[in-house]
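Peer 1: Under the working numbering, think of the first position of the sequence shown as 1, with each following residue one higher.
Any given hint could turn out to be false.
To be verified - Beta-carbon label-pair distances, calculated as ranges: (1) Gly98 with Asp71: 34 to 40 Å; (2) Ser111 with Ala82: 21 to 27 Å; (3) Thr38 with Asn15: 30 to 36 Å; (4) Phe94 with Ser22: 33 to 39 Å; (5) Ile12 with Tyr88: 33 to 39 Å; (6) Ile12 with Asn33: 24 to 30 Å; (7) Ser111 with Pro13: 35 to 41 Å; (8) Phe49 with Leu102: 18 to 24 Å.
Said to hold, decoys possible - 30 Å max Cα-Cα, derived DSS-like pairs, lysine-lysine: (9) Lys18 with Lys46; (10) Lys55 with Lys129; (11) Lys18 with Lys129; (12) Lys18 with Lys55; (13) Lys129 with Lys46; (14) Lys18 with Lys106; (15) Lys46 with Lys106.
No lab work stands behind these hints: they were computed from the structure.
Note that the Cβ used here is the ideal one computed from N, Cα and C, for glycine as well.
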Amino acid sequence: MNIISPTYYAVIPINGGKVEPSIGYFGMSEGENSINMTSLGLGLLKNSFSNENIKSYGGIRGSYMMITATDQDSESIMSFSAVTGAEYFFNNNFSIGGESRLTYIKPNDNSDLSMRSLDSVLFFRFYLKD
């Protein structure tokens with residue numbers, strides 16, 4: 001079984017926060033069967049606490065996901081999350097952080113199916129600045 005799952009975020013600082021567009025891919029295959037998911041997202045985050053090495057933030061994230069599987073029709077899913085997180089800066093170019101997300105997920109078909117989840121994410125961020 002092969003599994004690939006990177007997600008990339010571009011951090012764009014704005015006054016008092018940041019915008020984080022993202023692109024992600026998840027792929028899993030075993031023999032003749034495979035499933036692939038591609039996501040495009042956007043986060044709007046506002047700083048809530050900051051000192052020399054630590055920044056905390058809150059905000060929202062949204063994403064659109066396309067899912068394809070062997071011998072099945074493609075599916076699309078929308079998700080929206082309320083997020084809160086913090087990051088520790090080792091220097092101006094690298095930080096490690098964590099984020100908690102309360103997410104609402106809805107397939108784009110006409111079903112009444114929806115899902116809510118509470119999860120956490122670990123981030124390693126590299127900043128290209130002086």
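Peer 1: Next pair to validate is Lys18 with Lys46; report whether the Cα-Cα distance is within 30 Å.
Peer 2: Holds: Lys18 and Lys46 sit about 7 Å apart, inside 30 Å.
Peer 1: Hinted pair, alpha-carbon criterion (30 Å max): Lys18, Lys129. Please report holds or violated.
Peer 2: Given that 30 Å is the threshold and the Cα spacing comes to 14 Å, the pair holds.
Peer 1: Lying within 21 to 27 Å: is that true of the beta-carbon distance Ser111 to Ala82?
Peer 2: holds, 24 Å
Peer 1: Are Ile12 and Tyr88 spaced within 33 to 39 Å by their CB atoms?
Peer 2: Violated: the Cβ-Cβ distance is about 20 Å, outside 33 to 39 Å.
Peer 1: Is the straight-line distance between the alpha-carbon of Lys46 and that of Lys106 30 Å or less?
Peer 2: Holds, at about 25 Å.
Peer 1: Would you check the hint for Lys18 and Lys106, treating anything up to 30 Å between C-alpha atoms as holding?
Peer 2: holds, 26 Å
Peer 1: Does the Cβ-Cβ separation between Thr38 and Asn15 fall within 30 to 36 Å?
Peer 2: The hinted range 30 to 36 Å holds for Thr38 and Asn15, with Cβ atoms some 32 Å apart.
Peer 1: Should the hint that Gly98 and Asp71 are 34 to 40 Å apart at their CB atoms be regarded as holding?
Peer 2: holds, 38 Å
Peer 1: Note whether the CB distance of Phe94 and Ser22 lies within 33 to 39 Å or breaks it.
Peer 2: Once the Cβ atoms are compared, 19 Å apart, the range 33 to 39 Å for Ser22 and Phe94 is violated.
Peer 1: Do Ile12 and Asn33 keep their Cβ atoms within the hinted range of 24 to 30 Å?
Peer 2: violated, 38 Å
Peer 1: Within 30 Å, alpha carbon to alpha carbon, are Lys129 and Lys46?
Peer 2: holds, 20 Å
Peer 1: Would you mind confirming whether the straight-line C-alpha gap from Lys55 to Lys129 stays at or under 30 Å?
Peer 2: holds, 17 Å
Hint compliance for this structure: hints 4, 5 and 6 are not met, and every other hint is.
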